[in-house]
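Going down the list, the sequences are from chains A and B.
For the first sequence, the working numbering gives the first residue as 1104, with consecutive numbering after it.
For the second sequence, the working numbering gives the first residue as 751, with consecutive numbering after it.
Hints in this document: simulated from the structure, not taken from any laboratory.
This one's a predicted model, so the numbers in the text were calculated from it and none came from an experiment.
Treat the hints with care, as some may be off.
[Stated by the list, open to error] Listing some non-contacts, in silico: residues in chain A with all C-beta distances to chain B over 10 angstroms:
1) V1119
2) A1132
3) A1133
4) T1134
5) R1137
6) E1139
7) L1142
8) E1143
9) A1159
10) L1170
[To be verified] Computed beta-carbon distance windows for the label pairs:
11) B:D765 <-> A:D1168: 37 to 43 angstroms
12) A:E1139 <-> B:T757: 46 to 52 angstroms
13) A:E1139 <-> B:P862: 24 to 30 angstroms
14) B:S842 <-> A:E1143: 34 to 40 angstroms
Beta carbons are placed, not taken as given, at the ideal position from N, Cα and C, and that holds for glycine.
Residue strings, one per chain:
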Amino acid sequence: MTDEHEQPDLACIDVVELVTDYLEGALPAATARRLEVHLETCPGCTEYVDQMRAVAGSLGGLPEDSLPPEVRDGLIAAFRGFRRHP
Amino acid sequence: MTEGNITALRRGDADAFATLIDRHSPAMIRVAMAYVPSRAAAEEAVQETWIAVMGGIDGFEGRSSLKTWIFRILTNVAMRSGARERRSVPFSALADAEDTGEPSVDPDRFLPLDHELFPGHWAMMPSRWPTPDEGLLAGETREVIAAAIADLPMAQRTVIALRDVEGWSSEEVREALEISAGNQRILLHRARSRVRNAIETYYGAVTAEPMDDTATKETDDRRA
Chain A
1104 MTDEHEQPDL ACIDVVELVT DYLEGALPAA TARRLEVHLE TCPGCTEYVD QMRAVAGSLG
1164 GLPEDSLPPE VRDGLIAAFR GFRRHP
Chain B
751 MTEGNITALR RGDADAFATL IDRHSPAMIR VAMAYVPSRA AAEEAVQETW IAVMGGIDGF
811 EGRSSLKTWI FRILTNVAMR SGARERRSVP FSALADAEDT GEPSVDPDRF LPLDHELFPG
871 HWAMMPSRWP TPDEGLLAGE TREVIAAAIA DLPMAQRTVI ALRDVEGWSS EEVREALEIS
931 AGNQRILLHR ARSRVRNAIE TYYGAVTAEP MDDTATKETD DRRA
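Okay, chain B solo, but in the shape it has when bound (with noise of 0.2 angstroms):
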């Protein structure tokens, strides 16, 4: 949002008030979800945000950007609604409380860290995706990622959604979560790493590594 834009909410361009509110509220929402316990109670949030917006727009100095002016009023109003229901906590407590180091995939995935050859290395591959030329969003995959994205912790689904669905920098979701950047990072890597897992579940696809079968439970299996 420019300097032009700013004149133009004080001078009480409605139009300019509308385009800002379209282009924020599915962020805000998103960010106000993580403090309080409901849908409704989320855009409530970002209503009353609204709200003291277009009462502070005279006093906004421009120390920071709009962007992070309006998000830091939504989630100190959130954490104050979410204090009186008795949930709220900084979302880097929630981001530590669902870290529970998961790998990333499967280490079934892998052949043994004593094996011989190839410790560690791939005992499936991934196997390419059949992904159409018009990408991942479509075919059917595009219900499996949204309901891959759904079914994610509050703040891994917080951090993919303001990065990759809303295109946010780190920067910018750092300062809005108030996390760390290597905080930032592991939520995104969690959440990226999940709806990968959920698209390569709905596809099938894994190959047996061609290099080296003599570590993999199938051929146990077949053995026994």
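For reference, chain A alone in the conformation it holds in the complex (with noise of 0.2 angstroms):
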């Protein structure tokens, strides 16, 4: 807890490999806050750090490819047979 203070200050070179872990809350605490105290004086970061944020957090609206409609209609049509004459 107290050796923290004897630690070189992060520089943002540093920031932008930390930061998946960072917002995985991932990070040892005494990093974290190492972390924490450089957004505070750091614009640049601060900015990295929303726009990685923004990244993960609007994909989820990406429309993800399904199999062929025949496929699956093809598959459910073998549950019907198939659970019917197991």
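Dock chain one against chain two, each of which comes alone in its own frame, and use the hints as you go.
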């Protein structure tokens, strides 16, 4: 708890490598605190973290390809037949 | 998926089966693609998996979630299919092969590490994106993002699709792909970093860091 004061400030070039671990809550507490201290005075890294958060949070609206409809319907028909005559 | 749904499947409820297919097939295709050489082969593996689920649901003991069980079957089917094509490696090996240790941001964007005042700090800061209120997927960036994801190496693409597109938890991704927590985060980080870079390139949005410009290339060029 005390030795964190002796560690040098994080540089921006380090912060950009730690962002995902930070957003995932996977950074050691002392490192997370150093990162937050850095963000308080660094608009560039604050913007960067916001952008990474925006990327992570926005992709849920992308469409994902599924099975071709005829394959899907074939499977459901097979399920009906299978369960009727197991 | 709740116990009630499993009961419905065992009872032969085709609607419950259809719901299950629609919910999981996109992610299953994503995962299968990491093991087999083509989209067609991935769809075949998914189809084969659903047939196995049909036949195995009565024997499913509920020691894992239904989702976990389905994806375990899928991985086995896809690995076997990939092995026939001499392509298949465990996902973790694919991930290791892809990891070139690339920096998340072009190092030229930062001041040198021996800079007197601001070592390793931004020389060209990221500037605020002109994102519409409706979000990144509302405008043309939607195509930029889709293209950036499609260009990712396979392991990164699979992880970002499962985590951020499908909304899986990190635990679910780790379990389905049999990778460590650390590996999962590295792949996610590389993938999100590349997508962020693609958006930034599209917006063309970088600004010179105002507090210090003596070390930037631009200044050197101007002097030259």
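> Is the hinted range of 24 to 30 angstroms satisfied by the C-beta distance from E1139 (chain A) to P862 (chain B)?
Replying inline: 26 angstroms, holds
> Per the hint of 34 to 40 angstroms, is the separation of the Cβ atoms of S842 (chain B) and E1143 (chain A) within bounds?
Replying inline: About 38 angstroms separates the Cβ atoms of S842 (chain B) and E1143 (chain A), which means 34 to 40 angstroms holds.
> Is the nearest CB of chain B more than 10 angstroms from the CB of V1119 (chain A)?
Replying inline: The assertion about V1119 (chain A) is violated, with a minimum of 5 angstroms to chain B.
> Honestly, do D765 (chain B) and D1168 (chain A) meet the 37 to 43 angstroms range at C-beta?
Replying inline: 23 angstroms, violated
> Going by Cβ atoms, does A1132 (chain A) stay more than 10 angstroms from chain B at every point?
Replying inline: Since the minimum Cβ distance to chain B is about 17 angstroms, A1132 (chain A) lies beyond 10 angstroms and the statement holds.
>> If we take the beta carbon of A1133 (chain A), is the closest beta carbon in chain B still more than 10 angstroms away?
In response: 18 angstroms, holds
> Is it correct that the beta-carbon of L1170 (chain A) has no partner in chain B closer than or equal to 10 angstroms?
Replying inline: Violated: least Cβ distance 5 angstroms, not greater than 10 angstroms.
> Is it the case that E1143 (chain A) keeps its Cβ farther than 10 angstroms from each residue Cβ in chain B?
Replying inline: For E1143 (chain A), whose nearest Cβ neighbour in chain B is about 14 angstroms away, the distance exceeds 10 angstroms, so it holds.
> Minimum Cβ separation between T1134 (chain A) and chain B greater than 10 angstroms?
Replying inline: 14 angstroms, holds
> Is it the case that A1159 (chain A) keeps its Cβ farther than 10 angstroms from each residue Cβ in chain B?
Replying inline: It is violated; A1159 (chain A) is separated from chain B by about 6 angstroms at its closest Cβ, not greater than 10 angstroms.
> Can we trust that R1137 (chain A) is non-interface, i.e. its beta-carbon lies farther than 10 angstroms from all of chain B?
Replying inline: Given that every Cβ of chain B is farther than 10 angstroms from that of R1137 (chain A), nearest at about 14 angstroms, it holds.
>> For the hint 46 to 52 angstroms, verify it against the beta carbon of E1139 (chain A) and that of T757 (chain B).
In response: Cβ of E1139 (chain A) to Cβ of T757 (chain B): about 48 angstroms, so the range 46 to 52 angstroms holds.
The structure does not agree with the numbered hints 1, 9, 10 and 11 stated previously, though it agrees with the rest.
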